[in-house]
Amino acid sequence: MSTVIHGHDDHAHGNGEAHEHHGPPAGFTRWMYTTNHKDIGTMYLWFACFMFFVGGTMALGIRAELFKPGLQFFDPETFNSLTTVHGLVMIFGAIMPSFVGFANWLVPMQIGAADMAFPRLNNWSFWLLIPAALLLMGSFLAPGGAAGSGWTLYPPLVIQQGMAVDMTILAIHLLGASSIMGAINIITTILNMRAPGMTLMKMPLFVWTWLITAYLLIAVMPVLAGAVTMLLTDRHFGTSFFNAAGGGDPTMFLHIFWFFGHPEVYIMILPAFGIISQILPAFARKPLFGYASMVYATASIAILSFIVWGHHMFTVGMPAAGNLFFMYATLLIAVPTGVKVFNWIATMWRGEMTFETPMLFAVGFLCLFTIGGFSGLVLAIVPVDITLHNTYYVVAHFHYVLVSGALFAIIGGVYFWIPKWSGHMYNEALGKLHFWLSMIGFNVLFFPQHFLGLAGMPRRIPDYALQFAEWNMWSSIGAFIFGFSQLIFLYNMVTTVRSGKPAAQKQWEGADSLEWTHLPTPMPYHTFETPPVIK
Amino acid sequence: MTPHEPTREQKRRALASGLALAGLALAIYLVMMFKVFVVK
Chain A
1 MSTVIHGHDD
11 HAHGNGEAHE
21 HHGPPAGFTR
31 WMYTTNHKDI
41 GTMYLWFACF
51 MFFVGGTMAL
61 GIRAELFKPG
71 LQFFDPETFN
81 SLTTVHGLVM
91 IFGAIMPSFV
101 GFANWLVPMQ
111 IGAADMAFPR
121 LNNWSFWLLI
131 PAALLLMGSF
141 LAPGGAAGSG
151 WTLYPPLVIQ
161 QGMAVDMTIL
171 AIHLLGASSI
181 MGAINIITTI
191 LNMRAPGMTL
201 MKMPLFVWTW
211 LITAYLLIAV
221 MPVLAGAVTM
231 LLTDRHFGTS
241 FFNAAGGGDP
251 TMFLHIFWFF
261 GHPEVYIMIL
271 PAFGIISQIL
281 PAFARKPLFG
291 YASMVYATAS
301 IAILSFIVWG
311 HHMFTVGMPA
321 AGNLFFMYAT
331 LLIAVPTGVK
341 VFNWIATMWR
351 GEMTFETPML
361 FAVGFLCLFT
371 IGGFSGLVLA
381 IVPVDITLHN
391 TYYVVAHFHY
401 VLVSGALFAI
411 IGGVYFWIPK
421 WSGHMYNEAL
431 GKLHFWLSMI
441 GFNVLFFPQH
451 FLGLAGMPRR
461 IPDYALQFAE
471 WNMWSSIGAF
481 IFGFSQLIFL
491 YNMVTTVRSG
501 KPAAQKQWEG
511 ADSLEWTHLP
521 TPMPYHTFET
531 PPVIK
Chain L
1 MTPHEPTREQ
11 KRRALASGLA
21 LAGLALAIYL
31 VMMFKVFVVK
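Residue numbers (my numbering), protein chains in the order written: chain A, 1 to 535; chain L, 1 to 40.
Just so you know, these hints were derived from the structure itself, not from any lab.
Treat the hints loosely; a few may be bogus.
[Unchecked claim] Here are the computed lysine to aspartate or glutamate pairs in the DMTMM-like style, where the Cα-Cα straight-line distance is at most 20 angstroms:
#1 Lys11(L) x Glu529(A)
#2 Lys501(A) x Glu428(A)
#3 Lys286(A) x Glu356(A)
#4 Lys501(A) x Glu352(A)
#5 Lys68(A) x Glu470(A)
#6 Lys35(L) x Asp249(A)
It should be emphasised that the depicted structure is a prediction, and the values quoted were computed from it without experimental measurement.
Make a model of the complete structure from these sequences and hints.
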């Protein structure tokens, strides 16, 4: 990034302290009615944290069931419900809201704005998540249990299930509306509220990645809404869009769903790229290598994400030419992604690196996300995918992308910014313990799933053949190491916020975005009411 | 509490941008639904 900050140290306390006496109102109404981007960001992050533990508990239930062959704890229907709701909770309840939490906290501060463009809309976006989460979780209590079709909600199974599916559809509508409103807010804020001199190409990468992500959201969330609306009318209003018995086509749902679903993958990873692009330069004490190419690579990935959906459905019987098109388009994404990985490594090259917890998670991200990317290339090859489709290889692949990719970036980002957000420094020893247990637990959990998939173990089954027993046992052991190590993170964050040691104004000497250079620690309630001047 | 007040120009542009983006989202939803209904 080429931003030159005008007299930053002189102004370090100038923009915040003038209004420090304007504290927030007390009690529950502060959170209910707040329009402050920091409050709303905090609520998003705690909500995501809660849902992360809810989804994680389901994952541990799944892994406990799969520890050994045979049925231990759950009947097959409940097992299917657990895999389905685990996916929905983690995607829509944990990963996406946590990135929106980051955006709320960081986007206004990193562009020198006082708040989001539509603060009331921002409040509404958050509070829509609560009924959605209640519907999703409450669907376990519906007759027949929660939806068991997998998070992809494929017909015809999803058309035949009980009212839990209707609750899930309504939850998805609410979550989609929340995401669209959030995306409108973020785009408008970035395009309209930047401080004087903050040109687009001076914005921190996190802001850029969110700008592009927000466009993706606006483009594809209505498509998901349309798909689930059609499911609803098929279920209750006599239509047969996806019902073969009435002349409909279940394959059409797959096309519509994955036209949403693949950009959704990038919605969950592009903001992670932004976070990593802020952490690595700070701890390498060098500017990000290839800033402009990072922006163009992010945009290229976003554009390509619209023409690769077919790689999720190579086995449905598309024409060979269609399969080939989707295969080559998918392989093409490796180019801009490779540019990014190269730039991150070049940023670290000959840097004066130190390895505090955020940097550990960023380097962990880089190593493990790249493994997930490579297994994605393996799956992009049509004949290979036809063999591996619906096996644990796919499960291993997308967890390398979404856990060691998106989640590691989120955790690293929280460690990176919590000193600025809370005014307190976290416990570094606990942070490092958390990282290493997560790193070991994650790989023990998911790496063997590659072997299981290559050996032919199908996903979404509660029982399996004896030859899969050993790697499943290891995978479950890894799951419990990984799962319980997240309690260290929770403990560390709660104690940091409540009683951590005071953090410095610029806790990380290499950090160069406005929140570090222009704003005091702890953060005042209102910031940048007078915009900074960026040269 | 002194609320931050965006300039009149910022408000106007924010409103235009918000409406355009919301319209885009709605249009995508409607076009898809309409197209499927017509095909059916």
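Now for the hints, and whether the structure bears them out:
{"no.": "1", "hint": "Lys11(L) x Glu529(A)", "result": "holds, 15 angstroms"}
{"no.": "2", "hint": "Lys501(A) x Glu428(A)", "result": "holds, 11 angstroms"}
{"no.": "3", "hint": "Lys286(A) x Glu356(A)", "result": "holds, 16 angstroms"}
{"no.": "4", "hint": "Lys501(A) x Glu352(A)", "result": "violated, 26 angstroms"}
{"no.": "5", "hint": "Lys68(A) x Glu470(A)", "result": "holds, 8 angstroms"}
{"no.": "6", "hint": "Lys35(L) x Asp249(A)", "result": "holds, 15 angstroms"}
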